[in-house]
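Spelled out, the chains give:
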Amino acid sequence: MIEYFWLALVPPLAGFLFNGLAGKRLPARIVSGAGCAAIGASFLFLLAVFAEFIRLPASEQQIVHRLFTWIQAGTFTAECSFLLDPLSMIMLLVITGVGFLIHVYSTAYMKGESGLYRYFAYLNLFIFMMSLLVMAGNYLLLFVGWEGVGLCSYLLIGYYIERRSAGDAAKKAFVVNRVGDACFLLGVFLIFKTFGTLEFGSLFETVSRTHPQPEGGFTVLAAITLLLFLGATGKSAQIPLQVWLPDAMEGPTPVSALIHAATMVTAGVYLVVRSAALYSRAPDVLLLVAVVGVLTALLAALTALVQRDIKKVLAYSTISQLGYMFMALGVGAFSTGIFHLFTHAFFKALLFLGAGSVLLRLHHELDLFRMGGLKNSLRVTCWTMWVGTAALAGIVPLSGFFSKDEILWRALDSPLGHPVFWVAGLVVAGLTAFYMCRLMFLAFYGSPAHGHGESGSEAGTAVTAPLTLLAGAAAVAGLIGLPAYLGDHRLDRFLEPVFRYSYDHGVSASHASHSLELLAAGAALAISLLGGALAYRLYARDRSLPRRLADRFPAIHGTLQRQFRIDEAYSLFVVGGLKALSRRVLWRVVDVGVVDGAVNGTASLFRRWSGVAARMQSGNTRTYAAWIVTGAALVFLYLLSVIG
Amino acid sequence: MGFFMTNILTIVCFFPLLGVLIILLWPKGKEHETEVKWIANIVAFLGFVVSIPLITHFNRPEYIDSSGMRYVFKAPWIESLGVQYYFGIDGISLLLILLTTLLGSISILSSWNAITTRVREYYCYFLILQTGMLGVFMALDFFLFYVFWEVMLVPMYFIIGIWGGPRKLYAAIKFFLYTLLGSVLLLLGILALYFHQYAVKGVWSFDVLAFQELGIPPDLQYWIFLAMFVGFAIKVPLFPFHTWLPDAHVEAPTAGSVILAGVLLKMGTYGFVRFSLPILPDATMEFLPWMMAISVIGIIYGALVAMMQKDIKKLVAYSSVSHLGFCMLGVFIVTPVALEGGILQMINHGISTGALFLIVGIIYERRHTRMISDYSGLSHVMPVYAVVFLIMTLSSIGMPTLNGFIGEFMVLQGVFADPDYKLWAVFGAAGIVLGAAYMLWLYQRVMFGTIKQEENRKLPDLTPRELATFVPLIILAFWIGLYPSPFLSYLHEPVNQIVEKVRPGEFQPRSMQAQIGDR
Numbered sequence: 160m161i162e163y164f165w166l167a168l169v170p171p172l173a174g175f176l177f178n179g180l181a182g183k184r185l186p187a188r189i190v191s192g193a194g195c196a197a198i199g200a201s202f203l204f205l206l207a208v209f210a211e212f213i214r215l216p217a218s219e220q221q222i223v224h225r226l227f228t229w230i231q232a233g234t235f236t237a238e239c240s241f242l243l244d245p246l247s248m249i250m251l252l253v254i255t256g257v258g259f260l261i262h263v264y265s266t267a268y269m270k271g272e273s274g275l276y277r278y279f280a281y282l283n284l285f286i287f288m289m290s291l292l293v294m295a296g297n298y299l300l301l302f303v304g305w306e307g308v309g310l311c312s313y314l315l316i317g318y319y320i321e322r323r324s325a326g327d328a329a330k331k332a333f334v335v336n337r338v339g340d341a342c343f344l345l346g347v348f349l350i351f352k353t354f355g356t357l358e359f360g361s362l363f364e365t366v367s368r369t370h371p372q373p374e375g376g377f378t379v380l381a382a383i384t385l386l387l388f389l390g391a392t393g394k395s396a397q398i399p400l401q402v403w404l405p406d407a408m409e410g411p412t413p414v415s416a417l418i419h420a421a422t423m424v425t426a427g428v429y430l431v432v433r434s435a436a437l438y439s440r441a442p443d444v445l446l447l448v449a450v451v452g453v454l455t456a457l458l459a460a461l462t463a464l465v466q467r468d469i470k471k472v473l474a475y476s477t478i479s480q481l482g483y484m485f486m487a488l489g490v491g492a493f494s495t496g497i498f499h500l501f502t503h504a505f506f507k508a509l510l511f512l513g514a515g516s517v518l519l520r521l522h523h524e525l526d527l528f529r530m531g532g533l534k535n536s537l538r539v540t541c542w543t544m545w546v547g548t549a550a551l552a553g554i555v556p557l558s559g560f561f562s563k564d565e566i567l568w569r570a571l572d573s574p575l576g577h578p579v580f581w582v583a584g585l586v587v588a589g590l591t592a593f594y595m596c597r598l599m600f601l602a603f604y605g606s607p608a609h610g611h612g613e614s615g616s617e618a619g620t621a622v623t624a625p626l627t628l629l630a631g632a633a634a635v636a637g638l639i640g641l642p643a644y645l646g647d648h649r650l651d652r653f654l655e656p657v658f659r660y661s662y663d664h665g666v667s668a669s670h671a672s673h674s675l676e677l678l679a680a681g682a683a684l685a686i687s688l689l690g691g692a693l694a695y696r697l698y699a700r701d702r703s704l705p706r707r708l709a710d711r712f713p714a715i716h717g718t719l720q721r722q723f724r725i726d727e728a729y730s731l732f733v734v735g736g737l738k739a740l741s742r743r744v745l746w747r748v749v750d751v752g753v754v755d756g757a758v759n760g761t762a763s764l765f766r767r768w769s770g771v772a773a774r775m776q777s778g779n780t781r782t783y784a785a786w787i788v789t790g791a792a793l794v795f796l797y798l799l800s801v802i803g
Numbered sequence: 100m101g102f103f104m105t106n107i108l109t110i111v112c113f114f115p116l117l118g119v120l121i122i123l124l125w126p127k128g129k130e131h132e133t134e135v136k137w138i139a140n141i142v143a144f145l146g147f148v149v150s151i152p153l154i155t156h157f158n159r160p161e162y163i164d165s166s167g168m169r170y171v172f173k174a175p176w177i178e179s180l181g182v183q184y185y186f187g188i189d190g191i192s193l194l195l196i197l198l199t200t201l202l203g204s205i206s207i208l209s210s211w212n213a214i215t216t217r218v219r220e221y222y223c224y225f226l227i228l229q230t231g232m233l234g235v236f237m238a239l240d241f242f243l244f245y246v247f248w249e250v251m252l253v254p255m256y257f258i259i260g261i262w263g264g265p266r267k268l269y270a271a272i273k274f275f276l277y278t279l280l281g282s283v284l285l286l287l288g289i290l291a292l293y294f295h296q297y298a299v300k301g302v303w304s305f306d307v308l309a310f311q312e313l314g315i316p317p318d319l320q321y322w323i324f325l326a327m328f329v330g331f332a333i334k335v336p337l338f339p340f341h342t343w344l345p346d347a348h349v350e351a352p353t354a355g356s357v358i359l360a361g362v363l364l365k366m367g368t369y370g371f372v373r374f375s376l377p378i379l380p381d382a383t384m385e386f387l388p389w390m391m392a393i394s395v396i397g398i399i400y401g402a403l404v405a406m407m408q409k410d411i412k413k414l415v416a417y418s419s420v421s422h423l424g425f426c427m428l429g430v431f432i433v434t435p436v437a438l439e440g441g442i443l444q445m446i447n448h449g450i451s452t453g454a455l456f457l458i459v460g461i462i463y464e465r466r467h468t469r470m471i472s473d474y475s476g477l478s479h480v481m482p483v484y485a486v487v488f489l490i491m492t493l494s495s496i497g498m499p500t501l502n503g504f505i506g507e508f509m510v511l512q513g514v515f516a517d518p519d520y521k522l523w524a525v526f527g528a529a530g531i532v533l534g535a536a537y538m539l540w541l542y543q544r545v546m547f548g549t550i551k552q553e554e555n556r557k558l559p560d561l562t563p564r565e566l567a568t569f570v571p572l573i574i575l576a577f578w579i580g581l582y583p584s585p586f587l588s589y590l591h592e593p594v595n596q597i598v599e600k601v602r603p604g605e606f607q608p609r610s611m612q613a614q615i616g617d618r
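If you're matching them up, the sequences are chains A and B in order.
Per our numbering, residue 160 is the first one in the first sequence, and the count goes up by one each step.
Per our numbering, residue 100 is the first one in the second sequence, and the count goes up by one each step.
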């Protein structure tokens, strides 16, 4: 059965077609049922595949299925081929598993929406495209999924089509992503030009033969990896292409959960890990990846501190956590990046769905400062979100503790690491705990604000069940990657075959004693607790201090709130510049002025001369005769000169 | 069947004239207009049907000439000048012919309600146009080609000038003068070839394939190339010869725009592929950097100007400038992958831009305005229309799984594969980003948001007839996007021949390279 793993793509596609073509006329129950069933079926099928997969010896955990030749011209060939290896296996399980819970949750969250069929169709398509992305056996098919998730995010962010801001955000997400996609595409061209294949298996094998050692400087591998990384910054919202993600909150909340946890933003991380054979041989690009990751993590965490919008806090948190993942990749700890991607999928989905539950209760009030005292009416949401917060903040023994701690430790311990990364990572950990606790205190504690009374309750099992399940997963998911001082890192071992062609920098070998590692873990934990305590002091009881601080330092507060004004700079210089160029220069001056001016000028020239010519046609026979004689004479003279 | 197949090109080419004949003989008067529409539609559809055997018999050995041309038919026409009635097609022309017969019948179907005055004339002109275009793609005699090339111009002039918008006369005359200027220079180029052939071989002939074997001295090639360049570049249109296009498109009736964008623009690119490249290989290589440059300028320039347009039709028209830039980029880099991509992109552009003009036409027919600002939130009242529009928008911006991606990808891949020009692919990639920006912005403004204009609140969704015009285009868009091999398979042979003529020995066919690899 395992060789038919690619059939997991069929149910989401079928669900998309079913709801897209027939959903409009069907009752909501069937529409949402079909949407959930499609993903559920895919998940169950993949579980069965997984059961068979783990029994295979590690050397055989690399199943390629070639469906047909997609493009063939000249020397260029692209196959439609699928690859199942430990990396795609784990990604697929996360995508369909978390995706399924989000689908179930959506049935409650989106109840009564008129465009439900559209919503579920797009959601199914999203899962399909993401599965295609991680299942693709070559870069071009990966690119299909890559663009596909971009399209789905466009459709879902713009789901509330009557809202102008939603349309703007959708377009922005797509176009910003396209910048990255264009770089990705150039990277693909360069890969084919250099190695003559786009298939992962043969490509990585070739690379490991032709480039046995990593090489610094601007090598061809550096160029390839740089282009691919630029693509990754688009999808994974890293500097400099991070600007689309906060706006993407315009979509329905479950969509945010899907984009931020299971699909879309993880694609960039996946791409880098998939290309580990290339990245591990381009140390300078790895350094860049780490630096970009660290900077993004810091910048986004700082921005998250002062956001008033509950979803924006979580959005910046995602950007920041993705920065963590890229930091891990940058120090060569590829499987650690996947580990954090894995745990993050659970607690970030949980937090978004929890936020959605708050929004349902408060009739879509997004402002944290208009919330408060929800802990009694939303008990399940409150405690599950605390689990998510603790996991995200890295409190032992929840999942985030293990994965984040491993990142920090690798940043310090890896031969490619640097203490600066570690320190920055610690700061981010503290900030993370602070902004998450701030969110929790503001939303769930204190006095109920603005007339949302104590009454009201959870929106039903379709909401609480996914929350509870995700909380469970967020709590225990870290156990698959225990640090060396506690026992066995199963994930590392499971992923080993993926990196068989990567250059081994000796990242996973421990270079320092367990006690140092424990000490580092303790430091991180302490800083997280400190951040949480500070948030408690500032937001749980007396809330006047933050306001006073903001009034005291308006410049800093404003800068943080507006994400360091990067977005504004882009719209002013890039968008505004292009618009001015197009409208003022190219169209008005070049097209209408120069080119058409020349054309119309010629035309008027002819008109004037044609006046002269017209006078020749006077209708007067004698004038004609004169012209004929003159013409004949000229011809005669010409002939004479030629013959003579 | 024997007679039919040996004369198939003649039959396909002149079939539309049968409709003209019937319409002319049909009783006149207002009450017969519906019948005339039926006749035109049936003839156009049958015109598509009779072109289908071209595919099914394409690889039968009995229809393949020694030159590789299919269904060749040759007869003397004007013997004193050496002009022949010489028809024959290869894979490139095959795809373009099918595109023409398909788009022709689609655009005639789309005219049903749009054309209310001088109905008989309209359909006659359209059918004559159809014959002219088909002849251009079939002629292998340069004189014959030129005749069809000019024949095509006249009905298009009338279609714009009689059934066009408010500034129709300006647009029609601009279109006519521009193309006429091009035609004159093209004729000079053809005559130069003709006289040179006589000087070398002592034969008066316009045989295109014979011209390819002439081995024209480079200096002469340059002049002929430049003359033909103007003729073809105006048709494409390449920057800076493009300003007739927005005017012509904006003023033309919907069906006119569809044919103009879908087929007429391909005349220029086809001319480059069929004549300039194989007949003038040295000149092609000499001017290659310049051609690349103006193609890239066209891609970026067209996209930027499209972004700022307030008129939907003008926006789509400028997007054509950008897309045709892609085609030309693929054609002039003359690598097998890019050339195939460029030719495929011609077909793709015909499908997606043809459909986009139909899409504009549908709301224009209902509201009589093409201004973007007159529309918003249409997806609330026209959901089916919204889906069709979205699919074609995505096709136009090169979304994978749709046709546009395959063409753009192959063009850029082929450009990148050339060591000297790989960085030009960067500009092409920039064009992809801009393409997404202007098309999605258009879509957002027209389809998203709330309905602001009361008149738009009651707009009816697509009628079955309108939907029927889109269905074949949507099917083709997905087919080419998901499984392009059947289309590409017709291009391998002619493209390899052309590449071999222009850049001999640089690109070996795959099989040979594989053998070298095995050794």
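Watch out, some of these pointers could steer you wrong.
[As the list claims (entries may be wrong)] Pair by pair, the computed Cβ-Cβ distance ranges are:
1) 796/A with 272/B: 30 to 40 angstroms
2) 226/A with 566/B: 28 to 38 angstroms
3) 392/B with 721/A: 35 to 45 angstroms
4) 226/A with 557/B: 43 to 53 angstroms
5) 556/B with 725/A: 33 to 43 angstroms
6) 160/B with 176/A: 38 to 48 angstroms
7) 270/A with 130/B: 48 to 58 angstroms
[Claimed, not checked] No more than 30 angstroms apart at the CA atoms, straight line, and that leaves these computed lysine-lysine pairs for DSSO-like:
8) 600/B with 521/B
9) 738/A with 557/B
10) 521/B with 352/A
11) 557/B with 270/A
12) 551/B with 183/A
13) 557/B with 352/A
14) 409/B with 738/A
15) 300/B with 600/B
[Said to hold, decoys possible] Far from chain B, some chain A residues (derived; all Cβ distances over 10 angstroms):
16) 352
17) 524
18) 604
19) 652
20) 729
21) 755
No wet-lab data here; the hints were simulated from the structure.
Bear in mind the structure is a predicted one, so any value in this text is a computation, not a measurement.
We treat Cβ as the ideally placed atom computed from N, Cα and C, and that holds for glycine.
Hints and how they fare:
no.: 1; hint: 796/A with 272/B: 30 to 40 angstroms; in the structure: holds (36 angstroms)
no.: 2; hint: 226/A with 566/B: 28 to 38 angstroms; in the structure: holds (31 angstroms)
no.: 3; hint: 392/B with 721/A: 35 to 45 angstroms; in the structure: holds (41 angstroms)
no.: 4; hint: 226/A with 557/B: 43 to 53 angstroms; in the structure: holds (47 angstroms)
no.: 5; hint: 556/B with 725/A: 33 to 43 angstroms; in the structure: holds (40 angstroms)
no.: 6; hint: 160/B with 176/A: 38 to 48 angstroms; in the structure: holds (42 angstroms)
no.: 7; hint: 270/A with 130/B: 48 to 58 angstroms; in the structure: holds (57 angstroms)
no.: 8; hint: 600/B with 521/B; in the structure: holds (22 angstroms)
no.: 9; hint: 738/A with 557/B; in the structure: violated (34 angstroms)
no.: 10; hint: 521/B with 352/A; in the structure: holds (10 angstroms)
no.: 11; hint: 557/B with 270/A; in the structure: holds (28 angstroms)
no.: 12; hint: 551/B with 183/A; in the structure: holds (25 angstroms)
no.: 13; hint: 557/B with 352/A; in the structure: violated (54 angstroms)
no.: 14; hint: 409/B with 738/A; in the structure: holds (13 angstroms)
no.: 15; hint: 300/B with 600/B; in the structure: holds (20 angstroms)
no.: 16; hint: 352; in the structure: violated (6 angstroms)
no.: 17; hint: 524; in the structure: holds (22 angstroms)
no.: 18; hint: 604; in the structure: holds (38 angstroms)
no.: 19; hint: 652; in the structure: holds (35 angstroms)
no.: 20; hint: 729; in the structure: holds (13 angstroms)
no.: 21; hint: 755; in the structure: violated (5 angstroms)
Checked against the numbered hints given earlier, the structure breaks hints 9, 13, 16, 21 and satisfies all the rest.
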